[in-house]
Amino acid sequence: MTTFTLTQIATALGATLEGDGDIEVVGAAEPSSAHRDQLALAMDPKYADGLAKGRAEAAILWQGADWRALGLKAAIFVARPRYAMSGLTTLMDPGPEIEAGIHPMAVVHPSAKIGDGAAIGPFVVIGRDVTIGDGARIASHVSVAEGSTLGRNTLLLQGVKVGARVVIGDNFIAQPGCVIGSDGFSFVTPEKSGVENARASLGDQGEAAQQSWTRIHSLGGVSIGNDVEIGANSAIDRGTIRDTTIGNGTKLDNLVHIGHNVQVGDDCLLCGQVGIAGSSRIGNRVVLAGQCGVNDNIFVGDDVIAGGATKIFTNAPAGRVLLGYPAVKMESHIEIQKAMRRLPRFMKSLQQDK
Amino acid sequence: MTTFTLTQIATALGATLEGDGDIEVVGAAEPSSAHRDQLALAMDPKYADGLAKGRAEAAILWQGADWRALGLKAAIFVARPRYAMSGLTTLMDPGPEIEAGIHPMAVVHPSAKIGDGAAIGPFVVIGRDVTIGDGARIASHVSVAEGSTLGRNTLLLQGVKVGARVVIGDNFIAQPGCVIGSDGFSFVTPEKSGVENARASLGDQGEAAQQSWTRIHSLGGVSIGNDVEIGANSAIDRGTIRDTTIGNGTKLDNLVHIGHNVQVGDDCLLCGQVGIAGSSRIGNRVVLAGQCGVNDNIFVGDDVIAGGATKIFTNAPAGRVLLGYPAVKMESHIEIQKAMRRLPRFMKSLQQDK
Amino acid sequence: MTTFTLTQIATALGATLEGDGDIEVVGAAEPSSAHRDQLALAMDPKYADGLAKGRAEAAILWQGADWRALGLKAAIFVARPRYAMSGLTTLMDPGPEIEAGIHPMAVVHPSAKIGDGAAIGPFVVIGRDVTIGDGARIASHVSVAEGSTLGRNTLLLQGVKVGARVVIGDNFIAQPGCVIGSDGFSFVTPEKSGVENARASLGDQGEAAQQSWTRIHSLGGVSIGNDVEIGANSAIDRGTIRDTTIGNGTKLDNLVHIGHNVQVGDDCLLCGQVGIAGSSRIGNRVVLAGQCGVNDNIFVGDDVIAGGATKIFTNAPAGRVLLGYPAVKMESHIEIQKAMRRLPRFMKSLQQDK
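Protein chains in written order, with the numbering used here: chain A, 1 to 354; chain B, 1 to 354; chain C, 1 to 354.
Hints are computed from structural coordinates only; laboratory data are not their basis.
Predicted model, so just to flag it, every value in this text is computed and none were measured.
Mixed in with the good hints there might be a few duds.
[To be verified] Straight-line Cα separation of at most 25 Å, SDA-like style, residue types lysine to any residue; simulated pairs: (1) B:53 to B:71; (2) B:329 to C:328; (3) B:348 to C:346; (4) A:338 to B:328; (5) B:338 to A:328; (6) C:46 to A:196; (7) C:338 to A:347; (8) A:53 to A:67; (9) A:113 to A:149; (10) B:192 to A:11; (11) C:53 to C:21; (12) A:46 to B:187; (13) A:192 to A:297; (14) C:329 to C:202; (15) B:113 to B:170; (16) A:348 to B:351.
[Claimed, not checked] Have a look at the derived ranges for each label pair, beta carbon to beta carbon: (17) A:116 to C:68: 49 to 59 Å; (18) B:93 to C:317: 34 to 44 Å; (19) C:93 to B:95: 36 to 46 Å; (20) C:318 to B:190: 52 to 62 Å; (21) B:117 to A:94: 30 to 40 Å.
All C-beta atoms in this analysis are idealised placements derived from N, C-alpha and C, irrespective of residue type, glycine included.
This is chain A alone, in the form it adopts within the complex:
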């Protein structure tokens, strides 16, 4: 088990250390359940009681805490606790165990170029003309299809499926089971369909003939920037002619659906079960909370933030904070909801007035 001295941790966090920097810990824990060899995480005064219950000798504390009075032998003080969690967990994460080298039960096409220091697990399939940068870690059951390119420090976890015509930058992380480069969901009828009529008329599907769907194939690929992470069992479709694109620094949570031709900008967060329908464009630094939906062929501007399960049907201007089905400004949504809750009694009282 790896151990860390407090000095090591404080240095990694750029944080202030007081007390005995030679104390060694093997991990971090909540204050009340911390063992003696664990670092208690007590960045808020509300954790003071917990510290008394637990057995930690060292802690990360809130600014101004009196560590001696709390019975500790050392303490680390950080300016922005949540940000410190990043440094601490990065330091302590053992990471997935994938043996160095290429496992004998992996099938790697002879034309594939695998960078230095790669660790490729059992039952992995790497296709023709694939290029993977230095330092790749590829867990079991992963497939990377013909012609795709992945950058340096790629981490593909168990069962990830990268299709053909996918280009991904450096430091990519793919959680188990996600699919990058499935075919777009694009079908057309020989003559105009009821859906086309209903969309044009906002509700009237007219006299469309009964007809079957013909497939539009996805000739495009998927193009992903640097420092991107994709969640477990998410799916990203290839574009029809051009690529579906995801910008630098964008993170997708689990079970997210990205339709064909979608363009997602830089530094976005798309939380669990978000869905973006085909050909929509998402700006930079957009944050969509869990279960949000974005209609097809619309534009969501830079810095838009949408609360849980917001359904965005029309273009959203930059900087807007949205909520609701259909999405409206968060303040409007809160007002409307308040009014709606009063509505039944309000209508009754008005009718009595008459």
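We have chain A already, so just place chains B and C on it with the hints.
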């Protein structure tokens, strides 16, 4: 093909048998499509006509039915038909075929401890120091990562991915493709982000700097009780410091998303596509219908029931029956919806009055 | 790289060609980014500027366009551009590379019958008594469980899992990671549960005892017609007694959930993240936009169209165009939404009148 005598079935169900108990059936069927060697399921008088159309000689019947008049040679009577379905289908389910022993094309780490009577299929990967209890059935393409522990009678179906630091009790069932122990979706900016501002102010994201997301790694694991089932392609994230937990007897349907640090109690049902955001706590016997969403960092009390696609944004007290976006009491929701449907005409009539 | 002459393309599309039919292209592109050897797709006058920027010598053009004036050497004219995309992309799609024959690292049960011309990739598992028609293409990591039958020209992409008792017609396409034939989510308590009470009373769960869930197994299978496509990481459950069914020509997008016993008709489109709860019936030519939900045990009539995230709680008559939570006619939804947005000010003004 396995056959069952009516006596066998009645005994397994603790039910009353009338007529010839030696009749053998090979399976169950709806009355109208039942073959001669199938047991018709006709627990309601509405199926009487179906019995006449089908060819079954025996049936499970509603209380008080006259089996002779229905042309049957035998009948089983049960008190609670839906509950009887459990006994019947458990008896008749042949279960997945997984050959006994460890398939030669499975990769099992020499340090792993596999219990007695295990059946492990082809292309399975079992990591370092994994422990799996007696009677495990593990289908093809499953992976169990380093250090994880699974109890007795574990059933992992095709392509299930169990990550590191996962502890699961007895009688666990995992449907194909589900992921247990993916990394949590937890990112932080060096300075306060627009999201933090917007949440604090309910809508105003202030003057946040343009900044990228830094990753908080998941040092915790996932801890799951006994008698739990997880649906196809669902995903459960590891906790940040402590474990994400799921209690005894809880069942998750397909495509369910459980965020990091979430605690789900005992005997809950989380239906298809439900999503629980990070650090929320779900009590015991909570039932969330399909596509429900639970906000992060909130509490849903014991025995809460939420109807389809309910979005729970705030703490829900024990026993509450919820519906809507945002969730309100089901009665209130029905009232509000009625009022809303009348609203356009109501507003028009009031304006004419003026 | 495959090349196509313009004559070839025009013939495939049944379209009119003007200019030099011997020009060869290697692919299609948007006008402004087209290389010299690519066919520009400019089916609308708005693309005229793009043509000037790009380097294409040939294009598919809008009706009546003057291709010479646009600086092209040849042009193809189509009556319904979107439909032409189908023909064009079908012609140009290289398809997934799966080597002919059965890969030595596939595990195919000796009793399985694989049709002529099959291409089966590495780490595929085909179970006992499986039948797969001629011309099958099966990518890596796929499993097909015991007794299942797939028709001609089956395409199963990476990591698809077909369970036992599944019957599928011809020309089936399964995107990576989808699951066909998981167990239904069906649980019952020994005595009446709070959910049963709440559903009966629309909100009151009564005095239900605290009890655990018992499993109803899925003895049925899944039955799928011809020309069906299932999206990435979607999941389709087996029926309890009868099969879950999907009709001819129906297409499912990514992350779609189909519960046990559900019947979906012919030529439906179920878009990304749609969920259909157990035992519901969906008619023919039904189109459900992304994130729609359908309650259990209801009926959605032929030609119903539902907009994004519509939640259908009750039977929907044929031909209805729906929107909203809960679903109402699209026109009603738009009216209600307009009224709701005015509601806060409306209530305030009325109270001032008093």
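Hints, one by one, checked against the model:
1. With a CA separation close to 11 Å, the supplied pair residue 53 of chain B and residue 71 of chain B stays within the 25 Å bound.
2. A hinted pair counts as satisfied when its Cα atoms are at most 25 Å apart, and residue 329 of chain B with residue 328 of chain C qualifies at roughly 21 Å.
3. With a CA separation close to 11 Å, the supplied pair residue 348 of chain B and residue 346 of chain C stays within the 25 Å bound.
4. Using a Cα cut-off of 25 Å, the hinted pair residue 338 of chain A and residue 328 of chain B holds, with the two alpha carbons roughly 12 Å apart.
5. Only pairs whose Cα atoms come within 25 Å are accepted, and residue 338 of chain B paired with residue 328 of chain A is accepted, the gap being roughly 22 Å.
6. At roughly 20 Å between alpha-carbon atoms, residue 46 of chain C and residue 196 of chain A fall within 25 Å of each other, so this suggested pair holds.
7. As the CA atoms of residue 338 of chain C and residue 347 of chain A are separated by approximately 17 Å, the hinted pair is consistent with the 25 Å bound.
8. A distance of roughly 15 Å separates the Cα atoms of residue 53 of chain A and residue 67 of chain A; the hinted pair therefore holds under the 25 Å criterion.
9. Under the criterion of a C-alpha separation no larger than 25 Å, the hint pairing residue 113 of chain A with residue 149 of chain A is consistent with the structure, at around 9 Å.
10. A distance of roughly 22 Å separates the Cα atoms of residue 192 of chain B and residue 11 of chain A; the hinted pair therefore holds under the 25 Å criterion.
11. Proximity of residue 53 of chain C to residue 21 of chain C is assessed by CA-CA distance (about 23 Å); at most 25 Å being required, the pair is judged to hold.
12. For the suggested pair residue 46 of chain A and residue 187 of chain B, the alpha carbons sit about 23 Å apart, so the restraint of at most 25 Å is met.
13. Pair hint residue 192 of chain A plus residue 297 of chain A holds up; C-alpha atoms about 19 Å apart against a cutoff of 25 Å.
14. A hinted pair counts as satisfied when its Cα atoms are at most 25 Å apart, and residue 329 of chain C with residue 202 of chain C qualifies at roughly 23 Å.
15. Pair hint residue 113 of chain B plus residue 170 of chain B holds up; C-alpha atoms about 16 Å apart against a cutoff of 25 Å.
16. Our distance criterion of 25 Å between C-alpha atoms is met by residue 348 of chain A and residue 351 of chain B, whose separation comes to about 17 Å.
17. Between residue 116 of chain A and residue 68 of chain C the CB atoms are about 54 Å apart, so this pair conforms to the stated range of 49 to 59 Å.
18. Residue 93 of chain B and residue 317 of chain C have their C-beta atoms about 38 Å apart, which keeps the hinted 34 to 44 Å range intact.
19. For residue 93 of chain C paired with residue 95 of chain B, a C-beta distance near 40 Å keeps the hint of 36 to 46 Å intact.
20. For residue 318 of chain C and residue 190 of chain B, the Cβ-Cβ distance of about 57 Å falls inside the hinted range of 52 to 62 Å, so the restraint holds.
21. A hinted range of 30 to 40 Å holds for the C-beta pair residue 117 of chain B and residue 94 of chain A, which are about 32 Å apart.
The structure agrees with every numbered hint stated previously.
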